[in-house]
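Peer 1: Given the coordinates of chain A, assemble chains B and C onto it according to the supplied hints.
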Amino acid sequence: MSDSVDILSTLKLVYTIYALAAISIIGWYAYRITRDGESKGVVRPVYFWSYAGVLVILGTGLHFLTFNVVPWVPMDLDRANIKAEKTFKIRYEKHKIDLDEKQMQVPCGKYVVFDAYSNDLTYGFGIFRQDNTMVAQMQVVPDNGNDLMWIFHKNGTYNIRSTEYSGPKGSQMIIEDAIVVSGCQEDDIRSMR
Amino acid sequence: MSFVKALIDGNEGGLKHEGMTPMQKIAMRFVVIGLLYYGLAALEGMIMRLYEIKPLPFIDESHFFSIMTVHPMVGIFGSSYMIVFGAFLFLTPFLMKKPIYSLKLANWSWITIGGGTLIMWLAGFIFSYAPLYTLYWPLPADMQQFSAIGGIVYIVGVVGIMIGTFFYTYNIFKTIVYTPKGWEKQPSAALLRSALGLTAIANFFRRKDTEHLVPLPIAAIARGTIDVGLNAIVIMSAGVLILIYLVGNGLFGMDLQHTWVDALLYKNMFWWGLDLVADGLVLVFVAGTWYLLAMMISGKDLYMQNVARAALFLEMVVSWTVWSHHLMSDQGQSNFLKVLSGEVVTALELITQGIAVFITLTTLYKAKPIKMSNELKFLLGGILGFMLAVPAGIIQADLGMNRVLHNTQWIIGNHVHVAVLVGLTMTLYSAIYVLFPILTNGVKLYSQKLADAHFWLHLVGGIGMGAFMGMAGIDGMLRRTIYYNGEYNTYMILAGICGAMMMLAFVLFLYNVIMSVGLKGLFGIYKSSKIDTNDCIVEQKDN
Amino acid sequence: MKYFMIITLIIAVAVVALFVIKDNDAFLLTAIAAVIAGFWYAVFQIPKEEP
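Protein chains in written order, with this note's numbering: chain A, 1 to 193; chain B, 194 to 736; chain C, 737 to 787.
Chain A with its partners taken away, still in its complex shape:
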């Protein structure tokens, strides 16, 4: 089951290839436009409309792709109808993160919900590995519901960090080793203690 590392490394590869291609196209164009030569072929409307069609497919296709490939998308959209094994309550107040369960014990392969509540400012709830890569995050908007349903497939110990700016006092809101996942066959090698 893919996790954020898989998704983001794919993004890095695909986007780098695309960026290099875009730079090359403009570079090639800049070279060609200063040269003599026939330019009639490029202006046919069929090229234009085909190109517009490709943009439509890419723009909408990305979302169909991620719905089917990124495991947390259908889960997030349907979370109101999925029963969670455990719900962890997290309170944010005066730039402190307070956990009901001081070290959240998460069973492998089961749906859990992180239910965060703030009664003063906007914060963020971010789950990070020991190597600082992000597992997931959500905003924590005051006096509103902020629930993140997640499922872990690898053992590991994770930190929590506020991912949203809440003023200078909130710049280092971190709880180390806040989440421990156990019972999986595979370890998250980026997040073992």
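Hints in this document: simulated from the structure, not taken from any laboratory.
Beta carbons are placed, not taken as given, at the ideal position from N, Cα and C, and that holds for glycine.
For lysine-lysine, the following DSBU-like pairs were computed, each having C-alpha atoms within a straight-line distance of at most 35 Å:
{"#": "1", "chain 1": "C", "residue 1": "738", "chain 2": "B", "residue 2": "290"}
{"#": "2", "chain 1": "B", "residue 1": "559", "chain 2": "B", "residue 2": "493"}
{"#": "3", "chain 1": "A", "residue 1": "94", "chain 2": "A", "residue 2": "83"}
{"#": "4", "chain 1": "A", "residue 1": "94", "chain 2": "B", "residue 2": "247"}
{"#": "5", "chain 1": "B", "residue 1": "374", "chain 2": "C", "residue 2": "738"}
{"#": "6", "chain 1": "A", "residue 1": "86", "chain 2": "C", "residue 2": "758"}
{"#": "7", "chain 1": "A", "residue 1": "102", "chain 2": "A", "residue 2": "83"}
{"#": "8", "chain 1": "A", "residue 1": "12", "chain 2": "A", "residue 2": "96"}
{"#": "9", "chain 1": "B", "residue 1": "247", "chain 2": "A", "residue 2": "169"}
{"#": "10", "chain 1": "B", "residue 1": "493", "chain 2": "B", "residue 2": "401"}
{"#": "11", "chain 1": "B", "residue 1": "247", "chain 2": "A", "residue 2": "102"}
{"#": "12", "chain 1": "B", "residue 1": "209", "chain 2": "B", "residue 2": "642"}
{"#": "13", "chain 1": "A", "residue 1": "154", "chain 2": "A", "residue 2": "12"}
{"#": "14", "chain 1": "C", "residue 1": "738", "chain 2": "B", "residue 2": "723"}
{"#": "15", "chain 1": "A", "residue 1": "102", "chain 2": "A", "residue 2": "154"}
{"#": "16", "chain 1": "C", "residue 1": "738", "chain 2": "B", "residue 2": "297"}
{"#": "17", "chain 1": "B", "residue 1": "247", "chain 2": "A", "residue 2": "154"}
{"#": "18", "chain 1": "B", "residue 1": "564", "chain 2": "B", "residue 2": "713"}
{"#": "19", "chain 1": "B", "residue 1": "378", "chain 2": "B", "residue 2": "493"}
{"#": "20", "chain 1": "A", "residue 1": "89", "chain 2": "A", "residue 2": "154"}
{"#": "21", "chain 1": "B", "residue 1": "247", "chain 2": "A", "residue 2": "96"}
{"#": "22", "chain 1": "B", "residue 1": "367", "chain 2": "C", "residue 2": "738"}
{"#": "23", "chain 1": "A", "residue 1": "89", "chain 2": "A", "residue 2": "12"}
{"#": "24", "chain 1": "C", "residue 1": "758", "chain 2": "A", "residue 2": "89"}
{"#": "25", "chain 1": "A", "residue 1": "86", "chain 2": "A", "residue 2": "102"}
{"#": "26", "chain 1": "B", "residue 1": "247", "chain 2": "A", "residue 2": "12"}
{"#": "27", "chain 1": "C", "residue 1": "758", "chain 2": "A", "residue 2": "94"}
{"#": "28", "chain 1": "B", "residue 1": "720", "chain 2": "C", "residue 2": "738"}
{"#": "29", "chain 1": "B", "residue 1": "720", "chain 2": "B", "residue 2": "637"}
{"#": "30", "chain 1": "B", "residue 1": "720", "chain 2": "B", "residue 2": "297"}
{"#": "31", "chain 1": "A", "residue 1": "102", "chain 2": "C", "residue 2": "758"}
{"#": "32", "chain 1": "A", "residue 1": "96", "chain 2": "C", "residue 2": "758"}
{"#": "33", "chain 1": "A", "residue 1": "169", "chain 2": "C", "residue 2": "758"}
{"#": "34", "chain 1": "B", "residue 1": "378", "chain 2": "C", "residue 2": "738"}
{"#": "35", "chain 1": "B", "residue 1": "642", "chain 2": "B", "residue 2": "198"}
{"#": "36", "chain 1": "C", "residue 1": "758", "chain 2": "A", "residue 2": "83"}
{"#": "37", "chain 1": "B", "residue 1": "374", "chain 2": "B", "residue 2": "493"}
Reference excerpt, derived from the structure (chain B facing chain C, CB under 7 Å, subset only):
{"#": "38", "residue": "426"}
{"#": "39", "residue": "429"}
{"#": "40", "residue": "430"}
Peer 2: Only chains B and C this time, still in chain A's reference frame:
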């Protein structure tokens, strides 16, 4: 010619400000202040770049974040708005072939926007007011972290900027529709409907051809300016709300509760407004500028002109509906809005901007061979910037990707700064190089070598900085955060080098402009014009 | 002056709305629908252009 003489008098005589019309002076006043504020934003940016490598001992955290608060405001309003408004207040009468509606209002625009930006900046510099430009409720009214007076000064500055913005908006639309004294009555309603695209829409459904009453760039200016005005209303509303709490709680010791305003609703309204800038006027103005530049550089009509006009209209309407892509990670936001507004209609921006790229490049290609001038170089750089930044934006406006990209350096690096610094800024530089001879009555550029250095340093620096910030974001580096243990040092050092390249590019450009125009000419821009006319340039004849 | 009054009124309505409205979705959808409907109304109000 000695260096000092060239510095004072300019290149080959420099700018003869006595021969400038009031309109030329007004445009240059906007552009000069806009460029100076760009320099300020670049300086602040470099301070933050250094801080992200290693926190600087003489700047404490609250000041770091107050720099971060004013930086986008200086960049967006102090710099970009100023340059764009100056150019469009000149171009609208120029292309409509009629005098501007009000020189006075145009002058008051740069004064209030420039002055408002300075006041807003002082709130950060003196009072360390640091809620960030996002102003997430109730942080801007948080008396535990910020002083009431700092917040009030900030809001006063922002109000000044918005008043100048309203002046610009009114002046642009009045110029399009009004009848100058002594002229035959203009078809005002028809002109406005044509400028906004309403006539074309109506005729499309009536299966009629449309005769366009305004040139294509005016259509872009008009449609983008609708978003300028609407955004100013939203920003003013947020400002008034914050002011109520700052004055009430901060100055009068009242007990106004932040819970009386729902933070999620506020965030929705705020982002609806701000997306009119980022996903509305920026894209519409940039597309319109590309079309104008393509036509001026190639000397040809725009390829697929009617589609270009339709895309400008579509982009304006789309900009009113996309704001939820800023709330993809807000779990209180409904799935319906996240998918429809955040993903589906946002994807339309790939199409509208992608079409603009194709149309511009095709228009130019039809005229080949074309000399690789400064304006063409920077235009291609601007197009490349949006080719990189728009797909990055579409990627992050996806429910799956947003979960792991939101609030990381990917957003602010790969997307925002590549869009703003490479896409928008290089487009503006292209416009500046094209308008420079028109606004200065033919002043010759001091050094082509400096212009070349400006181009390459800015392009490579801009793309490089975005790339390294983006890669750090993929590795989990957050935005709006200070890292004390050197966790992302390598990326931040590389991003810092690229930032320094852009800083150097700007310094070289500024030097080149000053040596071309001369200090006498530069200061002369702010003296009253000796020519009594509302026309843009002296040769322009009334109808 | 007329436009100054209209803009002030819109800002005042927006600020009051922030205090009064509690249902996010209903408000936003109504507002968007109103903008689009207003635009559509304006389009179809355009009289036939004189040649």
